[in-house]
Amino acid sequence: VRSARGVPPGDRLKVAAVYRDGWTASGMLAVAGQRAEAKARAAGNAVLERVRRAGYELADALIEVLGAGGVVPGLLLPESAPYEVVLRVTVRDPRRAAVERFCRELAPLVTSGPAGIAGYATGRPTPRPAFGYWPTLVSRDLVESRVTVSLKPAREWAESVVGEVSR
Amino acid sequence: MKTVGSDHGPTTVRLGDLAHARSGDKGNRANVGVVAFDAAGYAWLAEHLTAEAVADYFRPLGIGDVRRFELPNLRAFNFVIENALGGGASRSLRLDSQGKALGVALLELRLPAPGSKRSEA
Chain A
1 VRSARGVPPG DRLKVAAVYR DGWTASGMLA VAGQRAEAKA RAAGNAVLER VRRAGYELAD
61 ALIEVLGAGG VVPGLLLPES APYEVVLRVT VRDPRRAAVE RFCRELAPLV TSGPAGIAGY
121 ATGRPTPRPA FGYWPTLVSR DLVESRVTVS LKPAREWAES VVGEVSR
Chain B
1 MKTVGSDHGP TTVRLGDLAH ARSGDKGNRA NVGVVAFDAA GYAWLAEHLT AEAVADYFRP
61 LGIGDVRRFE LPNLRAFNFV IENALGGGAS RSLRLDSQGK ALGVALLELR LPAPGSKRSE
121 A
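Taken in order, these protein sequences are the chains called A and B. According to the working numbering, the residues represented by the first sequence are 1 to 167, in order. According to the working numbering, the residues represented by the second sequence are 1 to 121, in order.
One or more hints might be untrue.
Stated by the list, open to error - Simulated pairs of lysine to any residue, SDA-like, Cα-Cα distance not exceeding 20 Å:
id, chain 1, residue 1, chain 2, residue 2
1, B, Lys26, A, Gly132
2, A, Lys14, B, Gly27
3, B, Lys26, A, Asp21
4, B, Lys100, A, Val71
The set of hints was computed from the structure by calculation and includes no laboratory data.
Turn these sequences into a full structure, and let the hints steer you where they fit.
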């Protein structure tokens with residue numbers, strides 16, 4: 001390599017900050033039969049409506065119909081109407097109880113919803129913490145740099161980190 | 001798959017017949033790398049695969065601005081698409097929260113074929 005040029009380092013460092021941002025849950029069910037896409041969408045809306053009637057206005061919710069152009073929504077459509085699709089419903093809310101309510105409403109579609117809905121196991125999600133990502137810059141002189149070399153098995157290291165996070 | 005509301009006539013060319021693409025995330029932005037199969041294809045795409053054409057195509061996703069960076073020594077472009085991921089990889093509710101499918105979706109873009117009246121316009 002010749003004639004490479006550079007500039008001196010800047011006076012700020014990048015920080016990839018991750019912060020807790022409420023709770024989230026996501027469940028998937030297979031929906032089969034004529035007009036599977038419309039049925040999946042109606043079933044997803046019914047679940048969200050039941051959560052609403054239980055007294056929870058969810059901060060954010062999304063219905064995706066996979067197999068009917070749902071991965072890149074609004075751009076691509078299958079050549080013919082699919083006979084089976086995957087319904088995916090995802091929610092996020094600051095309240096764990098609201099997300100838990102959603103989790104309890106999804107699986108009953110298999111037994112109490114329209115015919116042709118399958119996937120009792122994947123349709124019973126559990127709430128998990130949601131995270132936001134905030135990439136930003138901080139002044140270099142605020143950061144004290146230090147190198148630590150630690151010889152310990154990966155599993156022990158992971159346990160010590162998980163311990164710190166849960167405290 | 002077919003594109004929504006697009007012209008599939010003989011005067012159009014599918015991007016995927018001229019180039020390959022791969023995509024991913026950076027915060028709430030997506031990168032789509034497009035690599036032309038040959039030098040002639042790169043030269044033609046440099047003129048026709050504009051940031052505006054890519055922005056129009058992805059508009060239904062509710063995206064923001066699109067910037068194009070040219071890498072002629074690789075016969076490639078990098079498109080940086082703002083607000084493409086419904087909040088960003090860790091926050092988005094979408095299954096494809098990292099925009100992994102945006103690249104192959106872009107390959108279905110139809111451009112006016114070389115030599116057709118529309119490409120001269």
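How the hints compare with the structure:
Pair hint Lys26 of chain B plus Gly132 of chain A holds up; C-alpha atoms about 13 Å apart against a cutoff of 20 Å. Among the hinted pairs, Lys14 of chain A with Gly27 of chain B is consistent with the structure: their alpha-carbon atoms are about 13 Å apart, no more than 20 Å. For the hint linking Lys26 of chain B to Asp21 of chain A, the alpha-carbon distance of about 19 Å falls within 20 Å, and the restraint holds. A distance of roughly 10 Å separates the Cα atoms of Lys100 of chain B and Val71 of chain A; the hinted pair therefore holds under the 20 Å criterion.
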